[in-house]
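Visitor: What follows is the residue order along each chain.
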Amino acid sequence: MTGSRPASALGRLALQPWLWAWLGALAVWLATIAFTRGQGAGEVLTAAFTFGTFFVIVAIGQMFVVTLGPGNVDLSIPATMTLAGTVAMKLMDGDNGMLAVGLLAALGCGLAVGVFNYGLIRLLAIPPIIATLSSSFLVQSTAIWTNRGLRIKPPSALADFATAKLGGLPALALCVIALAGVMHIVLTRTPYGRAVIAVGQNPRAARFAGVDVDRTRFVTYVQAALFAALCGFCLAGFSGGAALNMGEEYLLSSIAVVVIGGTSVAGGFANVPGLWGAALFLFLLVTMLNTFGLGAGIRLILTGLIIIAVIVIAGSSSRKREG
Amino acid sequence: MSALARLAPPRLLRALLPAVSLAAILAAIFWLQPRTASYFGLNLLLNLSIPIALATIAQMFILCVNDLDLSIGGYVSLTACITATWLNDTPALGVLALLLCVVAYAAMGALIHLRQLPSIVVTLGMSFVWLGLAVLLLPTPGGQAPDWLRALMTLKPPYVPFPIVAAVVFALVVHVGLMRSAYGVVLRGAGGNPRAVERAGWSLLHVKLTLYALAGLFGVLAGMALVGLTTSADANIALRYTLLSIAGVILGGGEFVGGRVSPIGAVMGAMTLTLAGSFLSFLRLNPDWQIGAQGAILILVLALRALINRAERRAP
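Chains as they are written, first to last, in the working numbering: chain A, -5 to 317; chain B, 282 to 597.
Hints were generated in silico from the structure; no laboratory data involved. None of the values given here were measured: they were computed from a predicted structure. Ideal placement from N, C-alpha and C gives every residue a C-beta, glycine not left out. Each hint should be verified, as a subset may be incorrect.
To be verified - Facing chain B, from chain A, some residues (calculated, C-beta under 10 Å):
| hint | residue |
| --- | --- |
| 1 | 123 |
| 2 | 128 |
| 3 | 138 |
| 4 | 301 |
| 5 | 305 |
| 6 | 306 |
Whole structure, please, built from the sequences with the hints as guidance.
Guide: Here it is, written out as C-alpha cells:
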C-alpha cells in the first residue's frame, strides 16, 4: 500500500480495502427500501446495527488473529462465547448486583481459553487451526456441562442495556463503534498493532527487526478469546439467556466478516472499518433476500456466492496493487 | 524420551502413533465392557465411523495440496439429502445430481488454483451454498434410503464386521492410489514443492482438479453411507463433519504443509474420534463430555507427536 500513491483524494479512497464492504451494504440497503418503497428504511438499519454489533465484536479478535499470517484462524470463538455466556448467566442468576462479577467471570473464561489456546500452539508446535479446534471441543463440553440445558434469564439491568436505544441507534452498537475506533488506533498506531502486521507479513523479518513474535501471538490469541467472551456475555444479555448453540453461526461468520471487510487472509494486512461494513452488509443482505420473499435455501446460496464473488474481486484488485 | 528414542527410531514411532491410539482406545472400551469385543458389538461401535472416515479421506485430499476444506460437512449433508430423495425416487436423476456435485467440487478446485484464492474463504462460501441447496431439497428432515444402499450398509459378512471390512478396503485403495502409484507421487509432490512439480512438466491445474474431484467423490460416498445407516436425511445431518474430518486427518498423522498425509492414518484417525465419543458412555460418565473427549484425545495424540519430534531433533 505504501507504493505509488494516487494524487487525488478520490483515487486514494478507491484504494481503501474497506470501501467495498460499505458500498455493498449501502447498495443492499437501497435495494431493500426500493422494494418496500421506503417503508421501514430506518427500522432495517437499526436492526442491522443491533445484530451487526455482535459480529463486529468477535470479528475484531478474529481479524487480529488472521493478520498473523497463513494458518492463523481461531476456531474456538463459538465455544468460548457459549461458555462465557453460560458461566456469567449462571453466576449472576438474574441479580443486578452481580453484574460486575458476571462480566469478570465471562472475561475470565475468555482469558483462560486464550491462554490455553496459545499454550497448545506453543508447547505442541501445532498449527493454530488445530490447536483452537481441539480446545473448542473441550470448551464446548465444559459449556454443556455448566449449562445443563437451563436457560437462566440475564439480570434486568444487562437486558435493558443490551436492548437500549439512543436516538434510533442501539446503545450497544454505539459502544462497539467506539470499541472499533480504539482497536483501529491499536492496530495502526501502537507498537503491538504494528508488530501484528509485521509478523503477518514476514515472521522472520519481524524477529530480526526486534519484534517479540511469541509475545505478539500470545496477546493476539488471548485478545481474540476475550472478545469472544465479551460477545457471549452481551449476546446472552440481549437474547434473554445463554443457549448452547448461541455461538454456532459465529464460526464461519466471524471469518466471513473479516474477509469481506478487506483483511487479507494471507495475513499482514488488516483494517477495522471494513468489519463494520461487512457485518452490516451480511445482515442487510439477509434482510433484502427476506424482503424479496426468498426462502432460507436461496438465502444461504446467495450468501455463499457473494462471499466467493467478494474474494474473487478483492483477489484480483490486490494483485493489481502488487503488480 | 531419549531411552525410547534409542529403542525405536522417531520416524517409526510417529508412523505407529495413529494405530497405537486406535488400539489403546479399543482396548480401553473392551476392558470396560467386554461384550463389545464381539462381532455385534464392533458393528455397533464402528458403524457411524464409515461416513466419517470417508469424509476424512475427502478432507485429506484437500490437505494434500496445503488447502483446507471448510465445506465438506455441508457437502456431505447435501449428498445425503440427494441420496435420500432423488436417488431413491428417480435413480437416474439422483446419479446425475451426484455426478454434478463431484464436477462442482472439481470446479471449486480449479477456481482456487486459477485465481490463486485462499481455499479457506472459497470453501467457507461454498459451505453456505451446499447447505442452501440441501435446505431447498429437504426443508424438513425426511426422505428415505434406497433399499439397495440400506442392504449394503447392513451387510453381515462372515467373521469380520462390515465397518472394519469397509475401512480396510477404503484405506488400502486410497493408499495404493495416492502413496504407491506414479501419479499419486505427483499429487503429493504438488503439496510439497509445487514449483518443482510444475517444472517437471506436470500441470498444477490438473493436480488440483484431480484432488478436488476425488474429495468430491468421497464426499458423495460419505453422504450415501450416512443415509444408508440413518435411513433418512436432514439438511444439517453432517455439518459437524467439517471439524471432525480435519481432526481425523491430523490425528492420522497428516500435516498442514508439504503434502504429508496418510490415508491409512486418516481412516484410523476417524475411527479413533468416533470411538472417543462412545468411550465415555462406557465409563458411565456424563455424556456432556462426549465432544470434550474427542478434543482431549486429539490433544493427547498431538502432545505425543510433539514429544517424538523433539526426540528426533535431539538425536544426532
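Visitor: All the hints need checking, so say for each whether the structure fits it.
Guide: Results of checking the hints against the structure:
1. For residue 123/A, the suggested interface contact is upheld, since its CB lies about 7 Å from the closest CB of chain B, less than 10 Å.
2. Given the 10 Å rule on beta carbons, the hint for residue 128/A holds: about 4 Å separates it from the nearest Cβ of chain B.
3. Interface restraint check for residue 138/A: the shortest CB-CB distance to chain B comes to about 4 Å, inside 10 Å, so the restraint holds.
4. Against a cut-off of 10 Å between C-beta atoms, the interface hint on residue 301/A holds, since the closest Cβ of chain B lies about 4 Å away.
5. Given hint, residue 305/A at the interface with chain B, holds; its Cβ is 5 Å from that chain's nearest Cβ, closer than 10 Å.
6. Look at residue 306/A: its Cβ gets to within about 6 Å of chain B, closer than 10 Å, so that hint holds up.
The structure meets every hint from the earlier list without exception.
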